[in-house]
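Undergrad: What follows is the residue order along each chain.
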Amino acid sequence: MKDWKQIAAGHGLDIPEAQIERSAPVLDGLEAAFRPLVRTIPEWVEPAVTFRAEPEEEQA
Amino acid sequence: MTILEAAAELRARRISSAELTSASLDAIKRLNPRLNAVQTVMAESAGARARQLDEELARGTDRGPLHGIPVAVKDVFCTKGVRTTCGSRLFADYVPSCDAAVVERLHAAGAVLMGKTGMHELAYGVTSNNPHFGAIRNPWDTERIPGGSSGGSGAAVAAGMVFMGMGSDTGGSIRIPASFCGLVGLKPTFGRVSRYGVRPLDFSLDHMGPLTRSVTDAAVVLNAIAGFDPRDDTSSRRPVENYLPEPEPGIGGLRIGIPQNFFFEEVQPEVEAAVRGMARKAESLGARVEPIRVPDMVALNAVSRVILLAEASALMEPYLDRRDEFGADVLAVLDEGRLIPAADYVNAQRLRRMFQAEFRKLWAKVDCIFTPTTAITAPRIGEMTVSIGNRTAEVRLACTRLVRGLNVIGLPALSIPCGTDACGLPVGLQIFGKPFTEARLLRVGQALAPGEVPTPRL
Chain A
1 MKDWKQIAAG
11 HGLDIPEAQI
21 ERSAPVLDGL
31 EAAFRPLVRT
41 IPEWVEPAVT
51 FRAEPEEEQA
Chain B
1001 MTILEAAAEL
1011 RARRISSAEL
1021 TSASLDAIKR
1031 LNPRLNAVQT
1041 VMAESAGARA
1051 RQLDEELARG
1061 TDRGPLHGIP
1071 VAVKDVFCTK
1081 GVRTTCGSRL
1091 FADYVPSCDA
1101 AVVERLHAAG
1111 AVLMGKTGMH
1121 ELAYGVTSNN
1131 PHFGAIRNPW
1141 DTERIPGGSS
1151 GGSGAAVAAG
1161 MVFMGMGSDT
1171 GGSIRIPASF
1181 CGLVGLKPTF
1191 GRVSRYGVRP
1201 LDFSLDHMGP
1211 LTRSVTDAAV
1221 VLNAIAGFDP
1231 RDDTSSRRPV
1241 ENYLPEPEPG
1251 IGGLRIGIPQ
1261 NFFFEEVQPE
1271 VEAAVRGMAR
1281 KAESLGARVE
1291 PIRVPDMVAL
1301 NAVSRVILLA
1311 EASALMEPYL
1321 DRRDEFGADV
1331 LAVLDEGRLI
1341 PAADYVNAQR
1351 LRRMFQAEFR
1361 KLWAKVDCIF
1371 TPTTAITAPR
1381 IGEMTVSIGN
1391 RTAEVRLACT
1401 RLVRGLNVIG
1411 LPALSIPCGT
1421 DACGLPVGLQ
1431 IFGKPFTEAR
1441 LLRVGQALAP
1451 GEVPTPRL
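Chains as they are written, first to last, in the working numbering: chain A, 1 to 60; chain B, 1001 to 1458.
The set of hints was computed from the structure by calculation and includes no laboratory data. Glycine included, every Cβ here is placed at the ideal spot set by N, Cα and C. Heads up, some of the hints might be wrong.
[To be verified] Covered stretches of chain A (chain B as the covering partner; in silico rule of three or more C-beta atoms under 8 Å from a C-beta of chain B):
| id | segment |
| --- | --- |
| 1 | 1 to 11 |
| 2 | 16 to 24 |
| 3 | 44 to 52 |
[Stated by the list, open to error] Interface residues of chain A toward chain B, partial, derived using beta-carbon atoms under 8 Å:
| id | residue |
| --- | --- |
| 4 | Leu27 |
| 5 | Leu30 |
| 6 | Ala33 |
| 7 | Phe34 |
| 8 | Leu37 |
| 9 | Val38 |
| 10 | Ile41 |
[Said to hold, decoys possible] Under 8 Å between C-beta atoms, here's a sample of chain B residues computed to sit facing chain A:
| id | residue |
| --- | --- |
| 11 | Glu1104 |
| 12 | Ile1258 |
| 13 | Arg1305 |
| 14 | Asn1347 |
| 15 | Arg1360 |
| 16 | Leu1362 |
| 17 | Lys1365 |
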């Protein structure tokens, strides 16, 4: 389990402790579902976000 | 009455746009105090616009089936000179200087904009129980939620206030109100409809589409709003089609997949029965219904949550020092998003590509897939949990778990009514397919649910 309060403090986030306590189970659940998936990603898979040095129509 | 029926009456001179608009205003006046569906009523401009459109039609200028038809748009769409709150106190007085692309296209198609519909705060939730503008109520049972976040559009269309309500869908926000309000709701493929001028909840999951009282009406609206827009970086250059299905389209030979995993787990029995009933109907019309296995939707939903939490919090970061101006539920998810590590966000976007590839393989086997839209029918306002069989489920998860993953892949999805539960509440069937197959989905929807949807007694 991550210490969400410590993470918030480390990032200088002004999230009240009571709010973090309420959110912790949700974030723990997401962590449990998401973390194993990360290990399945082949290193050549790029993120599904695109950046072009020039918009397509200007390249043409 | 549907859009196409009203359009025929207008052209036969049996009714005018001014009369339709006046009837729409009367319905809003009569029902809005009970439903709280329309947040800003544009009575004056709508009346003037209707008269102008009547004159145009009399002169022989016909803009098509939306000409003179009263509609409304969710308060997330910018409207020039008309406040656009996004259901938030932060933007309570925001008056845009231009229209959203969708609003421009609706204007060009001759629609009469009656007003802006209420919504879940910032489009970030499924109840439309808005702490700043009040709870929106379901016309089928006013003690229940209409779904969200496009709850005002759902309630307004189901109650007959307008012929069409435009919605936005980041994790089900068109399809959930369609399911709970007994309407047709269409989430087009990502890139098919411009997002320009829509206050974003998210950069890569937001989709725009209509809620209507018939499948053909949804097609008419898609015909008006689809197409490339250079102002939206994700807009597709793929040519648009005529999306309007024939009145009785054939679906013989169509391959319909019924998932054997995930989509019928943790679903109310009445919902499952209604959806499977529609599959049998499709089979009786000549479609081939085939059992399939879909990719890991639990994992896809986790990817969806990481992307949405991170992107929504990034968008709202400049406002997060004004904590007392947010509702508690929205502030909670915005805070959760701030705790998502950057590496997780990047990896979620990498997993997105992997899921996209997995779904591509499915389309070699089937043409479309049938699932319930929501696992439950409309819950009561304020309810946080619901019973599904002998289990207890969170309302938010029961509403979103069958719809949100499709936003990650950008697939088109249609929700149509397919029956009711023991309380008479509507059940929604979700039909989804590969990218840019809206015409096919609408054809299937029309074959299964032709004509106008049942309307609630108010």
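Undergrad: Are the hints correct? Go through all of them and say.
TA: Evaluated hints:
{"no.": "1", "hint": "1 to 11", "verdict": "holds (count 4)"}
{"no.": "2", "hint": "16 to 24", "verdict": "holds (count 4)"}
{"no.": "3", "hint": "44 to 52", "verdict": "holds (count 5)"}
{"no.": "4", "hint": "Leu27", "verdict": "holds (6 Å)"}
{"no.": "5", "hint": "Leu30", "verdict": "holds (6 Å)"}
{"no.": "6", "hint": "Ala33", "verdict": "holds (4 Å)"}
{"no.": "7", "hint": "Phe34", "verdict": "holds (5 Å)"}
{"no.": "8", "hint": "Leu37", "verdict": "holds (5 Å)"}
{"no.": "9", "hint": "Val38", "verdict": "holds (5 Å)"}
{"no.": "10", "hint": "Ile41", "verdict": "holds (5 Å)"}
{"no.": "11", "hint": "Glu1104", "verdict": "violated (21 Å)"}
{"no.": "12", "hint": "Ile1258", "verdict": "violated (25 Å)"}
{"no.": "13", "hint": "Arg1305", "verdict": "holds (6 Å)"}
{"no.": "14", "hint": "Asn1347", "verdict": "holds (5 Å)"}
{"no.": "15", "hint": "Arg1360", "verdict": "violated (14 Å)"}
{"no.": "16", "hint": "Leu1362", "verdict": "violated (18 Å)"}
{"no.": "17", "hint": "Lys1365", "verdict": "violated (23 Å)"}
Violation of the numbered hints given earlier is confined to hints 11, 12, 15, 16 and 17; the remaining hints are satisfied by the structure.
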